[in-house]
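S.K.: This is what each chain is made of:
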Amino acid sequence: MKMSGSQALIESLKREGVKVIFGIPGGAIMPVYDVLYDEKEIRHILMRHEQCAAHAADGYARVMRRPGVCMATSGPGATNLVTGIANAYMDSSPVIAITGQVATHMIGKDAFQEIDIIGITTPITKCNYQVRRVEDIPRIVKEAFYITSTGRPGPVLIDIPRDMQTGVAEVDFNVKINIRGYKPNIEPHPLQVKKAVDILVNSERPIILAGGGVHWSKAYEELLTLAELLMAPVATTFMGKGVIPENHPLALGCIGMHGRIEANKSIMAADAILAVGVRFSDRSTGKVDEFCHDAKIIHIDIDPSEIRKNVPVHLPIVADAKMALKAIIDELIRRGFKRERSEWIKRIELLKKECEDSEPGKELTAVNAIKLLRKVLPENTIVATEVGQNQMWASLHFRVLKTGTFISSGGLGTMGFGFPASLGAKVAMPDVPVVDIAGDGSFLMTEQDLATSVVEDIPVIVMVLNNSSLGMVAQWQRLFFGKRYSHTDLRGVPDFVKLAEAFGARGVRVNSLNELEQVLREAIKSDVTVVIDVPIPKEEDVLPIVPPGKSLKDMIY
Amino acid sequence: MGEYILAALVEHKPGVLHKVSNMFRKRNFNIESITVGACETKDVARMTITIQGDEATVEQVVKQLQKLIDVIKVSRLEPGKSVVRELALVKIYTADSKAKSDIVNYATIFRGRIVDVSRDSMIIEITGSPAKIDAFVELVKPYGIKEFARTGVVAMSRGLKSLKVEE
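Heads up: the sequence lines are chains A and B, in that order. In case it helps, the numbering used here puts the first sequence at residues 1398 to 1954. In case it helps, the numbering used here puts the second sequence at residues 13 to 179.
Hint data in this document are derived by calculation from the structure and do not stem from the laboratory. Incorrect hints may appear among the rest.
Unchecked claim - Heads up, simulated EDC-like pairs for lysine to aspartate or glutamate below, C-alpha to C-alpha not over 16 Å straight-line: (1) K1947/A x E1737/A; (2) K25/B x E1687/A; (3) K79/B x D1700/A; (4) K1706/A x E67/B.
The structure presented is a predicted model; accordingly, all values stated were derived computationally and were not measured.
One chain only, chain A, in its complex shape (with noise of 0.2 Å):
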């Protein structure tokens, strides 16, 4: 078929089950959005600013578990990208940006709008991409789309010379792909499954650390069937959250520097550890020297390079996390196993009762707040958090309920993530309410994406725990550096409520637990956006704390 670069583009991401792109037009891109112009089977949503696209995709791909396209033009475009797609990055989020690029000849000369991001975008993509030929578009998107949704998730970037979108070839969309360099192995050896089942079966206090793996292989069933079958708890890492449903007897909650106590203590305390999709990092094992080193270490990842790159384990499986924990369950199967309530149960279960959340306060408080939201919100919500105290009360105190149903900025940790990616997780599922819980410096970064969500109906729901300071940082200050707040006090601007009536969203600002459960209710309903202002107190802290460097046996609460 004889057409342009830019209709092969649009065609080729048809052929992918496209049906929506975040992005901005600009020079470098102008081509492909003519084309987009008349286009009926793919949404195009206008952002507000490139990095909200990214995060957009990003929320789309964790909700739909399937790629999220955001675009944008060339130069100051494509930079914009950057932090978002840098955050699908860390969190292994298959995320494709397109990028306009000044034309081939151009390249080089420091043309109006140029940058190199092929370079730039390098250490940050799993695979990156720039057209050099108009026929080779194609192959180049579908090996797009398989990179970034094979093995371990992560974005791909395709860089398109302006040239490339205009010029007119032969292009083929059968072309078969075949890339050498990229065989992901998913399943998992005989042996290594044999050899884990021995540790586990032998274990007399065994964990599960479930980690976002779980949620790209989709391995929850398993997870539980297995935790059943071993009567093991289930400890999630911050990206695993949501992996098991938090009301579940045998769920622990997260385990890390903002960990709940349960699950801190009862991973210190095992002695076999099976840890599916996780990567150990830093926030999650604390000081890594003395993370579980008592404990048998076994280590299910798709990607290779993650066994053994922060902590020693003593048998690695690399597979999809599905596969290897459904080959783990029939080896318990065929050898009759399954074990009783045991003594380590009992004492789990004395644990996570000592550990329970007490029902909401009187208080207008950030937990009181989320505790309140848990109940108000019906089950399937999906919530999203911006990045500080507000996602680490919102990992210790909401209780997700129902698998796959809470995002957010793990491994990058963008302040200004949760409320373009609750876009675009909204815009995935229309008919599920989407809430943002935020905190007031976060929320600043992306609010004017209120537009987007205003002028191209999404509506979500904003709850902006407003302490009125960079919290987090000033929360450290508070106890690590003799409270010299430096530079973290927000002085309550702006007025939040008046910021969403400004974009033709709802602003509400409440002021008692009372208050905010009725604006609840009705912006659960709300065909528009609504920004809930909720004052809490300056100094409330996130607590527990393992302070910097330090063990998870150090916890502070």
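Please build the complex by placing chain B on the supplied structure of chain A, with the hints as guidance.
M.R.: Relative to chain A, chain B alone:
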């Protein structure tokens, strides 16, 4: 700590060297030398990388290299079972005839070749293990080295065992 030699087959296309060297920088790995050139398969280049580190570091380096999409295959070359070679050009100041004859003698002993002679200088081409090149350089240093360039290591395992792209 030890020295390790890795051979990698990579896609022979623009930007691949950047991706590889960038990975080393990003992961805080130290490269001693890196060489790139053609190999027996069309569209494939062969890189030889020497690094300093411990066993755990090398394991990570190999895995991180394999993780790059454009890297097709990586192999660790065992020093005892591999041929390791480097080429160097050394331009030496030869002021008098004694210096000239000394250098010619040394070159012969090291099986080097005289590839350029002028009134006051000579260029010696020398091939061998990095240690041999170091030794030669030490020897001729007192005469005055005007210019010195070495290629970095290329290496190959002995015997039939080969690093190849599967068809």
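S.K.: Hint by hint, note whether the structure agrees.
M.R.: Structure-based check of each hint:
| no. | hint | verdict |
| --- | --- | --- |
| 1 | K1947/A x E1737/A | 35 Å, violated |
| 2 | K25/B x E1687/A | 45 Å, violated |
| 3 | K79/B x D1700/A | 8 Å, holds |
| 4 | K1706/A x E67/B | 12 Å, holds |
Violation of the numbered hints given earlier is confined to hints 1, 2; the remaining hints are satisfied by the structure.
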